[in-house]
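As given, the protein sequences belong to chains V and S, one line each in that order. Be aware that the first sequence starts at 0, since it is given in numbering that gives the first Met the number 0, and climbs by one per residue. Be aware that the second sequence starts at 0, since it is given in numbering that gives the first Met the number 0, and climbs by one per residue.
Treat the hints with care, since some could be wrong.
What the hints assert, rightly or not - Label-pair distances were calculated between CB atoms; the ranges are:
no., chain 1, residue 1, chain 2, residue 2, range
1, V, 215, S, 223, 33 to 41 Å
2, V, 208, S, 170, 49 to 57 Å
3, S, 135, V, 21, 21 to 29 Å
For the record, the hints were derived by calculation from the structure and aren't laboratory data. Glycine residues also receive a C-beta, built at the ideal position from the N, C-alpha and C atoms.
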Amino acid sequence: MSGLNEGTPTNKMSLKEHARQKRAQSARSALTGYMFLLPWFIGVLCFMAYPMIYSLYLSFHKLEVSPDGNGLLYTFVGWDNFKYAFLRDNVFPIEMFNFWRETILIIPVTVLFALIVAILLNQKFRGRMIFRAIFFLPVIFATGKVLMELFAQGQGDLPFAEQYDLTKIIYDTFPPALAEPMVGVLNKIILVLWYSGVQVIIFLAAFKTISPSTYEAAQIDGVTPWESFWKITFPAIVPFIFLNLIYTLVDLSTYSFNPIVNHILSNMINLKTGYGYASALGWIYFVIIFLLVALLARVSASLNQRKG
Amino acid sequence: MAKLILKKAIPGKPGISGASLDRIKRLLLGQRLNDGLIFKIFTYIMLVSISVLYLSPLFYMLSTSFKDISDLIDPAVHWIPRVLKVENYTDAIKGLYYFKALGHTLFMSVSAAVLQMFSCALTGYAFARLHIPYKNVLFVIVLLTFIIPTQTMAIPLFVLFSNLGWLNSPLPFIVPALFAQGIKGALFIIIFRQFFSTLPKEMEESARMDGAGALRTYWKIMLPLAKPAMLIVFLFSFVWHWNTYFEAALYLKNETFLAMSMQMDFMQGRLNDLTVSKDALVAGQFDMNEPIKMAGALLIVLPPLVLYMFAQRYFVEGIERTGLVE
Numbered sequence: 000m001s002g003l004n005e006g007t008p009t010n011k012m013s014l015k016e017h018a019r020q021k022r023a024q025s026a027r028s029a030l031t032g033y034m035f036l037l038p039w040f041i042g043v044l045c046f047m048a049y050p051m052i053y054s055l056y057l058s059f060h061k062l063e064v065s066p067d068g069n070g071l072l073y074t075f076v077g078w079d080n081f082k083y084a085f086l087r088d089n090v091f092p093i094e095m096f097n098f099w100r101e102t103i104l105i106i107p108v109t110v111l112f113a114l115i116v117a118i119l120l121n122q123k124f125r126g127r128m129i130f131r132a133i134f135f136l137p138v139i140f141a142t143g144k145v146l147m148e149l150f151a152q153g154q155g156d157l158p159f160a161e162q163y164d165l166t167k168i169i170y171d172t173f174p175p176a177l178a179e180p181m182v183g184v185l186n187k188i189i190l191v192l193w194y195s196g197v198q199v200i201i202f203l204a205a206f207k208t209i210s211p212s213t214y215e216a217a218q219i220d221g222v223t224p225w226e227s228f229w230k231i232t233f234p235a236i237v238p239f240i241f242l243n244l245i246y247t248l249v250d251l252s253t254y255s256f257n258p259i260v261n262h263i264l265s266n267m268i269n270l271k272t273g274y275g276y277a278s279a280l281g282w283i284y285f286v287i288i289f290l291l292v293a294l295l296a297r298v299s300a301s302l303n304q305r306k307g
Numbered sequence: 000m001a002k003l004i005l006k007k008a009i010p011g012k013p014g015i016s017g018a019s020l021d022r023i024k025r026l027l028l029g030q031r032l033n034d035g036l037i038f039k040i041f042t043y044i045m046l047v048s049i050s051v052l053y054l055s056p057l058f059y060m061l062s063t064s065f066k067d068i069s070d071l072i073d074p075a076v077h078w079i080p081r082v083l084k085v086e087n088y089t090d091a092i093k094g095l096y097y098f099k100a101l102g103h104t105l106f107m108s109v110s111a112a113v114l115q116m117f118s119c120a121l122t123g124y125a126f127a128r129l130h131i132p133y134k135n136v137l138f139v140i141v142l143l144t145f146i147i148p149t150q151t152m153a154i155p156l157f158v159l160f161s162n163l164g165w166l167n168s169p170l171p172f173i174v175p176a177l178f179a180q181g182i183k184g185a186l187f188i189i190i191f192r193q194f195f196s197t198l199p200k201e202m203e204e205s206a207r208m209d210g211a212g213a214l215r216t217y218w219k220i221m222l223p224l225a226k227p228a229m230l231i232v233f234l235f236s237f238v239w240h241w242n243t244y245f246e247a248a249l250y251l252k253n254e255t256f257l258a259m260s261m262q263m264d265f266m267q268g269r270l271n272d273l274t275v276s277k278d279a280l281v282a283g284q285f286d287m288n289e290p291i292k293m294a295g296a297l298l299i300v301l302p303p304l305v306l307y308m309f310a311q312r313y314f315v316e317g318i319e320r321t322g323l324v325e
C-alpha cells in the first residue's frame, strides 16, 4: 500500500499527520496508563519510598530525646551504627550467621518438599479435592501466633523423629560437619511443612502451563514417565523453582518470629541504641536479602539464556 | 521401587505364565507409572501421612479445649475427653475480650482485604495491559517492594503513623491497602498482573471498538473476568491481615482497637483481674490451664477457618484457573 503512494506530496503530508496523531494517541494512552497506576504510585511514595529514605537517614544518626523533653535530637554519626553492628554488638553477627546458615539449608528443602507435594497433588486420583483442601490449610494458618503456641507444645513435630531418635542416628552416620546442619533442619522441619503452602500453589500452577499434548506425544514415542519428567516437566518448571526459592527466602526472612527481627525490635526500644541503630540493622538485613535474591535471579536468568 | 516390584510380583507368585505376569506388572506399575497400583498406594500413603501432620494440631486444639483438668492429666484420655467442659470457652471468651476483638479485627481485615483486592487489581491490570512508558522500571519497583522486609521500614512507618495520630486505630492497615500497599501488596499486584496477561487481547479490543473508555473496559469487561484471582487475593489478604502480629504489636498499643492475633498474650492478665474483682482477694491468680488456652486458640482461628471451609472449593479451583504463573 505504502509503496503505491510513495512520493506524492499530499501523501507525505498525511504521513506526517499520521505520525503526529499516532504520537498524540500514544501520549493519551500513556496518560491513561499512568492514571491507572496513580493509586499505587501514591502508595509507593508514602508507604515505601518515604519510609525507606527516612530509615536510611536514621541509620546514619543517633537519636535521643532532646533535653527539653519534646521532640527528638538527631546527631550525625556516619558509619558508626554499622560498625557497631559488626564490631561491638555481640548478639547480632552471631544471630545473623546462625540464621542464614540454617535458612540457606531450609530453603532448598522447603522447595523440594513443595515440589514433591505438588507432583503428588497433580496426579489424578479419588479424593484429590479433599487432599488439596487439606494441603492449602498451612496457607491459612502459617502466619498466625496460634500456630507458634501449638508448636511450643510440640504439636507439629515429626512423630517418628523422636520415636526413633533420629538425631542420634544422623550423628552416628554422618560426619559432624554435615550432621549438625542436618539436625538443625530437622528441628525446623515445622517451617518446611507449614511454610510451603504458597510454593505448592505456584508449582501446581506451573504444571498447568505444560500442555498435555506434549506428554501424549512423548508417550506415543515410547518415552518412559521417568524420562518425560526430566525431559519435559523439569525444564518447564526450572524458572518456577527459582521463583519459589526467592519466595521462600523472602517469606522466611520476614516472618514475625525470626530471631533477627526480634533483635531489631529489641534494639528499637533499647534506650542505649535506639531507632538509629535499629534502622542500621534493618538495612544490613535488607542488603543481605537483596544480594541473595539478586544472586538467585541472576542464576535463573543465565540458565534461561543458555536454554534459549 | 524396583525392589518392591521384585518382592511382590515374582517370588510371591512363582507359577504364573508370562502373559499374566505381564498383566500383574501392568496393574502394579501401570501404563505410565502414575496410573499403576504401586504408585497410587505410594501417593496415598504420602498424602495421608502429611495430611495427618497438618490436621493433628487442629484436632489437638479441638480435643484439648474441651478437657477438664482431670482429663488433661489422665494418660488414658488421649483424644476424646470424658466430659465436655464448655466453661473453657466461656473463660476464653472473657479473657480474649472475644466479641470486641472479633468485631474490630473483622472490620479491619475485611476492609483492608477488599481495598487491597481492588487497588491491586487496578495496578496489576495496568502493568499487564496498558501502554506505560518505563513500565519495566516501575515493575522492578514492585518487585523491590516485595523483598523489602517490613522490619526495615517499621520505625519510619511507626513515626509516620504516630505523627498522623493513627496509632491504636485500624488506619495503618486500611489506608496503605487503599493504595495497593500494605501486607504483601506487591505479591497481589504480581498475581493480578499474571492473571490479566493470560486473558485474550481481543476482548478489550472489541470493547474499545464499541467505544468504551479504558476505565469502563476495565470495570465492565476485565474485572468481572478476574473473579478467581480476586477470590484468591481476598482470601490471602483477609487471612494475612487477620494473622498479622508484627504490625499489630507495633501500631496497637492500648485497648482502643483490638487485633485478634495479639489477644492470646493478654488472656492470663485479664482473667487474673476478673478473679480479683469477683472474689475480692488480694492476689488474683487465675488458673490458666492448657484447655482454656486451646479454647482461645481455636476461637482465634475460627473465623478464617470457617471462611476457608466455605471458599475452599472456589479457592482450589481458582488456583487452577488463574494461571497464577505463566
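Hint by hint, here is what the structure shows:
1. For the hinted restraint 33 to 41 Å between residue 215 (chain V) and residue 223 (chain S), the CB-CB distance of approximately 34 Å keeps it satisfied.
2. For residue 208 (chain V) and residue 170 (chain S), the hinted distance range of 49 to 57 Å is not satisfied, since their beta carbons lie about 40 Å from each other.
3. Taken as a hint, the range 21 to 29 Å holds for the pair residue 135 (chain S) and residue 21 (chain V), whose Cβ atoms sit roughly 22 Å apart.
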